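2 protein chains.
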Amino acid sequence: MKQSLTLIPTLREMPSDIEVKSHKMLLRAGFLRQSTSGVYSYLPLAKRVLNKLEKMISEEMERLGAIEITLPSLQPKDILQHSFRFHEKDEEVLQLKDRNERQLILAPSHEEVMTQLMRDEIKSYKKLPITFYQIQSKFRDESRPRYGLLRSKEFLMKAAYSYHATEESLEATYLQMSDVYSSILSRLGLYYEMIDADTRTADGLKAHEFIVASDIGETTIAYSDESNYASNIEITPVVTSYPSSEKPMNPLEKVETPQVKTIEEVCSFFTKEQTDCMKSIVFKVDGEFVVVLVRGDHQINPIKLRNALKAQSLTLATEEEIEQLLGCTIGSIGPIKLPVNVKVIADLAIQSIRNGIAGANEDGYHYINVNPERDFAVNSYEDIRYIQEGDPSPDGNGTIRLKKGIEVGHIRMSGTWLTEKFNANFIDENGQSKPMYMGSFGLGISRLLAVMAEIYQDENGFVWPKQFSPYDIHLIPVNIHDEVQFDLASQLYHILTSYHFDVLFDDRDERAGVKFIDSDLIGLPVRVTIGKRASEGIVEVKIRRTGEIFEWAKEELIDRLNEYFRSH
Amino acid sequence: MKQSLTLIPTLREMPSDIEVKSHKMLLRAGFLRQSTSGVYSYLPLAKRVLNKLEKMISEEMERLGAIEITLPSLQPKDILQHSFRFHEKDEEVLQLKDRNERQLILAPSHEEVMTQLMRDEIKSYKKLPITFYQIQSKFRDESRPRYGLLRSKEFLMKAAYSYHATEESLEATYLQMSDVYSSILSRLGLYYEMIDADTRTADGLKAHEFIVASDIGETTIAYSDESNYASNIEITPVVTSYPSSEKPMNPLEKVETPQVKTIEEVCSFFTKEQTDCMKSIVFKVDGEFVVVLVRGDHQINPIKLRNALKAQSLTLATEEEIEQLLGCTIGSIGPIKLPVNVKVIADLAIQSIRNGIAGANEDGYHYINVNPERDFAVNSYEDIRYIQEGDPSPDGNGTIRLKKGIEVGHIRMSGTWLTEKFNANFIDENGQSKPMYMGSFGLGISRLLAVMAEIYQDENGFVWPKQFSPYDIHLIPVNIHDEVQFDLASQLYHILTSYHFDVLFDDRDERAGVKFIDSDLIGLPVRVTIGKRASEGIVEVKIRRTGEIFEWAKEELIDRLNEYFRSH
Numbered sequence: 206m207k208q209s210l211t212l213i214p215t216l217r218e219m220p221s222d223i224e225v226k227s228h229k230m231l232l233r234a235g236f237l238r239q240s241t242s243g244v245y246s247y248l249p250l251a252k253r254v255l256n257k258l259e260k261m262i263s264e265e266m267e268r269l270g271a272i273e274i275t276l277p278s279l280q281p282k283d284i285l286q287h288s289f290r291f292h293e294k295d296e297e298v299l300q301l302k303d304r305n306e307r308q309l310i311l312a313p314s315h316e317e318v319m320t321q322l323m324r325d326e327i328k329s330y331k332k333l334p335i336t337f338y339q340i341q342s343k344f345r346d347e348s349r350p351r352y353g354l355l356r357s358k359e360f361l362m363k364a365a366y367s368y369h370a371t372e373e374s375l376e377a378t379y380l381q382m383s384d385v386y387s388s389i390l391s392r393l394g395l396y397y398e399m400i401d402a403d404t405r406t407a408d409g410l411k412a413h414e415f416i417v418a419s420d421i422g423e424t425t426i427a428y429s430d431e432s433n434y435a436s437n438i439e440i441t442p443v444v445t446s447y448p449s450s451e452k453p454m455n456p457l458e459k460v461e462t463p464q465v466k467t468i469e470e471v472c473s474f475f476t477k478e479q480t481d482c483m484k485s486i487v488f489k490v491d492g493e494f495v496v497v498l499v500r501g502d503h504q505i506n507p508i509k510l511r512n513a514l515k516a517q518s519l520t521l522a523t524e525e526e527i528e529q530l531l532g533c534t535i536g537s538i539g540p541i542k543l544p545v546n547v548k549v550i551a552d553l554a555i556q557s558i559r560n561g562i563a564g565a566n567e568d569g570y571h572y573i574n575v576n577p578e579r580d581f582a583v584n585s586y587e588d589i590r591y592i593q594e595g596d597p598s599p600d601g602n603g604t605i606r607l608k609k610g611i612e613v614g615h616i617r618m619s620g621t622w623l624t625e626k627f628n629a630n631f632i633d634e635n636g637q638s639k640p641m642y643m644g645s646f647g648l649g650i651s652r653l654l655a656v657m658a659e660i661y662q663d664e665n666g667f668v669w670p671k672q673f674s675p676y677d678i679h680l681i682p683v684n685i686h687d688e689v690q691f692d693l694a695s696q697l698y699h700i701l702t703s704y705h706f707d708v709l710f711d712d713r714d715e716r717a718g719v720k721f722i723d724s725d726l727i728g729l730p731v732r733v734t735i736g737k738r739a740s741e742g743i744v745e746v747k748i749r750r751t752g753e754i755f756e757w758a759k760e761e762l763i764d765r766l767n768e769y770f771r772s773h
Numbered sequence: 206m207k208q209s210l211t212l213i214p215t216l217r218e219m220p221s222d223i224e225v226k227s228h229k230m231l232l233r234a235g236f237l238r239q240s241t242s243g244v245y246s247y248l249p250l251a252k253r254v255l256n257k258l259e260k261m262i263s264e265e266m267e268r269l270g271a272i273e274i275t276l277p278s279l280q281p282k283d284i285l286q287h288s289f290r291f292h293e294k295d296e297e298v299l300q301l302k303d304r305n306e307r308q309l310i311l312a313p314s315h316e317e318v319m320t321q322l323m324r325d326e327i328k329s330y331k332k333l334p335i336t337f338y339q340i341q342s343k344f345r346d347e348s349r350p351r352y353g354l355l356r357s358k359e360f361l362m363k364a365a366y367s368y369h370a371t372e373e374s375l376e377a378t379y380l381q382m383s384d385v386y387s388s389i390l391s392r393l394g395l396y397y398e399m400i401d402a403d404t405r406t407a408d409g410l411k412a413h414e415f416i417v418a419s420d421i422g423e424t425t426i427a428y429s430d431e432s433n434y435a436s437n438i439e440i441t442p443v444v445t446s447y448p449s450s451e452k453p454m455n456p457l458e459k460v461e462t463p464q465v466k467t468i469e470e471v472c473s474f475f476t477k478e479q480t481d482c483m484k485s486i487v488f489k490v491d492g493e494f495v496v497v498l499v500r501g502d503h504q505i506n507p508i509k510l511r512n513a514l515k516a517q518s519l520t521l522a523t524e525e526e527i528e529q530l531l532g533c534t535i536g537s538i539g540p541i542k543l544p545v546n547v548k549v550i551a552d553l554a555i556q557s558i559r560n561g562i563a564g565a566n567e568d569g570y571h572y573i574n575v576n577p578e579r580d581f582a583v584n585s586y587e588d589i590r591y592i593q594e595g596d597p598s599p600d601g602n603g604t605i606r607l608k609k610g611i612e613v614g615h616i617r618m619s620g621t622w623l624t625e626k627f628n629a630n631f632i633d634e635n636g637q638s639k640p641m642y643m644g645s646f647g648l649g650i651s652r653l654l655a656v657m658a659e660i661y662q663d664e665n666g667f668v669w670p671k672q673f674s675p676y677d678i679h680l681i682p683v684n685i686h687d688e689v690q691f692d693l694a695s696q697l698y699h700i701l702t703s704y705h706f707d708v709l710f711d712d713r714d715e716r717a718g719v720k721f722i723d724s725d726l727i728g729l730p731v732r733v734t735i736g737k738r739a740s741e742g743i744v745e746v747k748i749r750r751t752g753e754i755f756e757w758a759k760e761e762l763i764d765r766l767n768e769y770f771r772s773h
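Note that the protein sequences, when read in sequence, are chains C and G. If you use this note's numbering, the first sequence corresponds to residues 206 to 773, in order. If you use this note's numbering, the second sequence corresponds to residues 206 to 773, in order.
Source of the hints: derived by calculation from the structure; they are not laboratory data. Please read these numbers as outputs of a predicted model, since none were measured by experiment. Ideal Cβ placement from N, Cα and C applies to all residues, glycine included. Check the hints yourself; a few may be wrong.
So the derived list for chain C, only partly shown, Cβ under 10 Å to chain G, looks like this [to be verified]:
| hint | residue |
| --- | --- |
| 1 | Gly235 |
| 2 | Tyr245 |
| 3 | Thr275 |
| 4 | Leu276 |
| 5 | Leu279 |
| 6 | Pro281 |
| 7 | Lys302 |
| 8 | Gln339 |
| 9 | Arg356 |
| 10 | Glu372 |
| 11 | Lys452 |
| 12 | Met454 |
| 13 | Glu594 |
| 14 | Lys639 |
| 15 | Pro640 |
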């Protein structure tokens, strides 16, 4: 491709409000432009990388026997009613109405549409298992679009859905898919971790996420400092054992605590540790109020809480609701003397607090010498807090550390959770009607582009890996007005192209400096410069990754380039 | 592909409410399913045809030097403000709001986003001309989705946009694109016509549509019965000359005409011809009321009217507005004694009406012996009616006939109309800032699939052309429990696949009759049946298009198939 004929709008100066380096470099090197908040146009170079990613991913899917399909972006809104729990974050779904007031959504996922299709079209075990895939835009109403392609409203995904007659069959595809995802990420040269993840459903059987470690990631990984254990902090179980105290229980006492609201203020007021305090928070769980207790130094994990309570919906109670229920503000909630019908759910750590401190459900007062069971009833103790650094690893080896990562893929054995809701049944070998088993597999393609852009760069620009570079070779005549140089460059352009190299030919009338800066920004694996020694038939070859520079005769160029591109 | 592993849900019975045969057959042969009103899922076979179409179209675009890009589906609504006239049918644009109340639309076109990008990124004549293309879903809020893929809310398009420094350069690309479109449609084996079309803008330079003749088409073509002339009826000029009458003008007379409203009723009441009547219709043109007159046997063409008036917006006046303006109902409007400030625009044919009939702006009355100029003033005479069968062809050769067709593509020289609105300027060789010239080119890919489905079928199913068939060969062992048959079939499956044939291997445990019915429905070019003569190594080969049947030895199969697929 002649550079004069395509659009690569490199930038000398960067807008200062760009937060992450992948986004910065995609803008600077002319790969990407924002179209509107959280929505991007992929310029020609980015499109070429995406095409290569899509091709490779499609090949991997076909190899696994998955069938390509295209499901629509527009979906009827009522399709979500069956899968409410997948979308408790309803505000993330972009909604619209057509001219007939029909309520539509823009597909955040195609699990429901696919399952509906399966229900309608597949009746017999003979057609199972079957796996579909598609590569398509999905949509999400991000509350705060940022980090460029990492949190955008319109993004490109490969999704796959599999349906099975048995759990064993699902498990087999799950393992295959896990291998394929690993293979894809390895081919991209990405270091990833496959971590335990939220199954999101009470009976979801298994789920993993593929995470690339990164400080800008939105996923927190809890991992062991001694073993391979790694898990999404959203579901990591806490196996800490809390020693029960031998101290005697003191008499419960209500103390006036003016202006004392936060845990820090409580501790400083009573000169106590956070471990002596009980944090009380009111949730609305499937329409009923529940007081949830965790220790002062712990944080409630709403996903573990929801799973523990098998809740369909779970939201924080509003200030008004708390005022009406308890007659106090948020900072004064406590577990003692609650209205009947208000359940108390406590984290396991609460059980061993002796003579603790809690809110009094009365602004300006706290109870001290609070002891569970003696002073208030607990409906159940559950593991409902986030694991913390220093907690023992759930696998029994080492202690937990935390780090951030970017989720690039997820695989999930959904089991029969969704198929039951949709009545997606099949007739088995014995004539029995049963719900299909389902697997769900996602891979973020625009996200992979962003992760690669994050990793494959140095201070001068991108450093694309050979297989996924927009072009293979950047061919640059230093001075297009020098006939010898330009002729040799044109000649090499034709030869290289005929050998099936993808060549970007910088035929622009620009200063050499500009061309080299652009070339480094774009970051193709090999730069071939035709300069002063053109008359001798000598060209300069620079390897972008290593910075190595060679002078090769034009006659040996093809062989040497073939060798370079064949090697790893 | 083994048929047991993919999804081809053929139907024995059809829902009775399906109107057109392409849609019927796409459903029956298991290519398509409706997801919600006007929105479809492409099942695996349809996806394979689409992939082949996309690949061919991409190749044609690349050959022309167009650069692939991906522009987003989500667009800010305010982007339309500059191109109002492209979207006077605002209700066809699907709109939504994000959680920050930002108004968004789902792309009906990418002309505006692309032009905005050009304005921001291209400054110099050195970067022109440049042509981009993309293949992507577009959205339209169809008032009445029907005919399956032909009028759907979400559809697949190839769009291309070109930008130029001069009109000559635009013209050159326009001609190239016109050739490429012709070549694409020819490769698909479609008979099409390239007709003059609405440029939609006052200074749009030229536009053509590619139409495939079909009774279910929404486009009406006006063509000459003697020459090559063909044009979209929306813009076909009327060149009829209306002889002026020699008859004397009779005195104007107001006649009571109870219950007489339609043109037919008027004619029968007065025993006159429709050619003696004046139809009066009130439009609201850019906020002002205009009375538009055409002869009783003619129909107003709103696009010609809008263009003649250079109107930004043009709508019919409502009943209330007419009542308020004239004090009568729709059937009684006339051009005589109108309020001041209400303009009268008349079709050219009105000029030669002598002693005609018109409404009296008073319910229950008409005027007779109405003569233009004597009885009412006309602000201008314009060519504002639809051409009719029997009118002379505008090219001077023959008379006009009408037929219906499906628009599959359009090409348009937009000139500087849109680029001026977006200030998409460049600096020319002399340092002058000028608006770019723009071309816009669309090709409906899902529409092409529908058109092919309409044409390539017989009473038993599809008859796909070789190049765009979902697979090349349908390989069918009659009885999979017959070991000799199944072994030979499996062996041939591997051999054919290794020779790069796309093979659909019917490995299902179904009766032969079911398999053959399905095979005819799916309509691959060649069926290879392995039946009773398997033990002799003889297979039956049926050519779907001609119905020819051959018995070939397995040893000669590859050579003969190669020969068949190489031939035209």
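**Study point:** Hints the structure fails to honour
**Key:** 9, 10, 11, 12, 13, 14, 15
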